[in-house]
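Chains as they are written, first to last, in this note's numbering: chain E, 1 to 81; chain H, 1 to 81; chain G, 1 to 148; chain U, 1 to 148.
Hints are not guaranteed to be accurate.
As the list claims (entries may be wrong) - DSS-like mimics (lysine-lysine), calculated; alpha carbons at most 30 Å apart, straight line: (1) U:K117 - G:K74; (2) G:K74 - U:K116; (3) U:K117 - U:K74; (4) G:K117 - U:K117.
Stated by the list, open to error - Here are a few chain G residues that face chain U, going by a calculated C-beta distance under 10 Å: (5) G33; (6) L105; (7) K116.
As the list claims (entries may be wrong) - Per the computed footprint, the stretches of chain U lying under chain G, defined by three or more beta-carbons under 8 Å from a beta-carbon of chain G, are: (8) 13-20; (9) 35-44; (10) 120-126.
In case anyone wonders, no lab produced these hints; they're calculated from the structure.
Since the structure is predicted, the reported quantities are computational estimates derived from the model, not experimental observations.
Glycine included, every Cβ here is placed at the ideal spot set by N, Cα and C.
Each chain, letter by letter, is given below.
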Amino acid sequence: MPVVTVQLFASYADLVGSSMLDVPLAHGDTVGDLLDTIRSLPSASGLPPISRVAVNRAFAGVDTPLSSTDEIAIIPPVAGG
Amino acid sequence: MPVVTVQLFASYADLVGSSMLDVPLAHGDTVGDLLDTIRSLPSASGLPPISRVAVNRAFAGVDTPLSSTDEIAIIPPVAGG
Amino acid sequence: MRRSAIVDRPIDAASLMAEVSGAECGAVSLFVGTVRDTNDGRSVDAIDYTAYTVMAEAELERILDEAEERFGVKSLVVEHRIGALAIGDASVAIAAAHAHREPALDSVRYVIDEIKKRVPIWKMEHYSDGTREWVDPAGVRAEADVSG
Amino acid sequence: MRRSAIVDRPIDAASLMAEVSGAECGAVSLFVGTVRDTNDGRSVDAIDYTAYTVMAEAELERILDEAEERFGVKSLVVEHRIGALAIGDASVAIAAAHAHREPALDSVRYVIDEIKKRVPIWKMEHYSDGTREWVDPAGVRAEADVSG
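Chain E with its partners taken away, still in its complex shape (with noise of 0.2 Å):
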């Protein structure tokens, strides 16, 4: 199964330990599939519930397909101004 590396920032970085997070994608994946795979992953456990994805530096609904060379980050309240 391909993975992809999810970007992490802030305090989502600081919670997971990393700015970057592996994930394994299914052919046909949507960014609610991608989520739901997160929340199974161990090493993402610390995360409170993620209420935003970007795929190619744009917010990206649940219904998104995904492909393995997308840009894919998720979101953590923003805090900007």
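Dock chains H, G and U against chain E, hints included.
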């Protein structure tokens, strides 16, 4: 009859040809009475309908009573900013 | 810091920003009105601003009172310039600071909106064709009998 | 002039104002967000800002697109700083210019409001008591496991 000196500015001063207008004031006259008197003055015949009057450096309604010691001005449409 | 003034020298917007800023304020908002090179499609060379100065100062103070009352903003400075202004010159600047952004933004907007409605200041525009006119923002222009 | 950037050096708000200003613009609006010395009643010494920089830049561009579309403002510049900031440092500055004041004021407010909602930037506050925390504006603080 006492006379009050009414201050004129900008277009009003240009239209009258002076920055002051002497206006007779009867005892008990209000702002509305003053405006009626101004309308009757030949020297003020060039003025458009006056929308706003200031008494003692604040806008005053037509029912405001006047005394001869008040600082009175008629205010052309403002264009600050 | 709360201050309002009618001035007859250039306005230094950066200095107004510095006046209102403080370690307890996370948001600073600034508005600057400048002389445009066109108005209603006519080419403008310069503007003379004139004021009923003592009343304009009193009215500005009342507007700052209202802004503080409505938005809780205590750090609020406004200057309006009078005299002969060239294209690009600042005619008015308003700076506000607050712990949070909404009061800072709201108070600046309130002050400029109220200035436009009620502060006794007038401007004569000098056009490129040699004419000049008192500006009536309501749209009814009073043709100045001093043109020439 | 339209430009957005994530920067890791001090923000010069006056230079942003100069960038957007022009003879055809009668109104310039500026918002500056700065580091406050207190937040939620806690004394703050400094803030580290971090970003998903490539996405933050893309999101800022989308926000400027939307502001231009909504308000017709073409002169719009925004910079957000990342890295270690001290009390009083500007973290974000937005400048807009337009012929008229409403679009200039509206677009600045739109940009800062949208930044707060959707630009992937985070801040860790360092408190005077030696602790530090990632700030969650929704109110649920994520206690940083790097405190010490």
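Comparing the hints with the structure gives:
Between U:K117 and G:K74, the direct Cα distance comes to roughly 27 Å. Compliance with the 30 Å bound is thereby established for this hinted pair. A threshold of 30 Å between alpha carbons decides the hint, and for G:K74 with U:K116 the separation of about 24 Å falls inside it, so the pair holds. Pair hint U:K117 plus U:K74 holds up; C-alpha atoms about 22 Å apart against a cutoff of 30 Å. A C-alpha spacing of about 34 Å is found between G:K117 and U:K117, which places the hinted pair above 30 Å, so the restraint is violated.
For the restraint placing G:G33 at the interface with chain U, the shortest Cβ-Cβ distance is roughly 6 Å, inside the 10 Å limit, so the hint holds. Hint status for G:L105: holds, given a least beta-carbon distance of 5 Å to chain U, under 10 Å. At its closest, the beta carbon of G:K116 sits 8 Å from a beta carbon of chain U; the interface hint therefore holds under the 10 Å criterion. Check result for the region 13-20 of chain U against chain G: holds, 3 residues qualifying (beta carbon to beta carbon below 8 Å, three or more required).
Beta-carbon proximity to chain G at under 8 Å applies to 4 residues in the region 35-44 of chain U; the threshold of 3 is reached and the given coverage holds. Coverage of the region 120-126 of chain U by chain G is violated [criterion: at least 3 residues with CB-CB distance below 8 Å; count 0].
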